[in-house]
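Q: Each chain, written out:
Number of protein chains: 2
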Amino acid sequence: MLKATLTHQTYFDGNVQSIAFERHGRRATAGVIAPGEYHFETEAPERMIVVSGELEAKIGEGWRTYPNGTSFEVPGKSAFDVRAKDPVAYLCEYL
Amino acid sequence: MLKATLTHQTYFDGNVQSIAFERHGRRATAGVIAPGEYHFETEAPERMIVVSGELEAKIGEGWRTYPNGTSFEVPGKSAFDVRAKDPVAYLCEYL
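Going line by line, the protein sequences match chains A and B. Per this note's numbering, the first sequence starts with residue 119, numbered consecutively. Per this note's numbering, the second sequence starts with residue 119, numbered consecutively.
If you are wondering where the hints come from, they were derived from the structure by calculation, not from laboratory data. Check each hint, because a few of them may be wrong.
Pairs involving identical chains hold if they fit within one copy or between any two copies, as the list cannot separate such chains.
[Stated by the list, open to error] SDA-like cross-link-like pairs, simulated, lysine to any residue; straight-line CA separation at most 20 Å:
#: 1; residue 1: Lys-195; residue 2: Pro-163
#: 2; residue 1: Lys-195; residue 2: Ala-175
#: 3; residue 1: Lys-203; residue 2: Thr-123
#: 4; residue 1: Lys-203; residue 2: Gly-143
#: 5; residue 1: Lys-203; residue 2: Arg-144
Just chain A, same shape as in the assembly (with noise of 0.2 Å):
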């Protein structure tokens, strides 16, 4: 079944924003990350993918560089932290 809905999400003031959609039954969004450091904390495990600039993250301990092209995965129900110093535009995949 198609789901042709987008919805738009804005977090932290704005400054975090993104268009959630889902494509056979897998939900995904494509958002923006102005500069700035952002908590999150997440329900489902995700991937999160750099299409555009370089975003830090850090899952557990230390801050890691995730350039343009690279992602990581984030476990369910637990926390990360990214941060970014020009804006950053992500694909977050659900999985």
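Use these hints to put chain B onto chain A, whose structure you have.
A: Same frame as chain A, but now just chain B:
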């Protein structure tokens, strides 16, 4: 100069939505196209990069298929058509 402001844009009754940002003076948008066919007109030349799903596009004559990871460029002051069977996430870079 950093420009932190993200702008939500919606077209075709919400069937195409995007988040606009600017990095190092270059404008871009991350967005999603719901199933359907859409006609766009360009001001600046732009590069459309498919980051999730598969998009068909007609720039000039004939439809071509652009799978995830591929891109196409559209001249400024022109027009193009896209169609999607399932939702497609894209990055649009203004050139």
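Q: Indicate, hint by hint, whether the structure satisfies it.
A: Right, here's what the structure says about each hint:
1. Lys-195 to Pro-163: within (7 Å within a copy, 43 Å between copies)
2. Lys-195 to Ala-175: within (17 Å within a copy, 39 Å between copies)
3. Lys-203 to Thr-123: Classified as between: cross-chain Cα gap 13 Å, same-chain 32 Å, threshold 20 Å.
4. Lys-203 to Gly-143: between (34 Å within a copy, 14 Å between copies)
5. Lys-203 to Arg-144: This pair counts as between: shortest inter-copy Cα distance 15 Å, intra-copy 30 Å.
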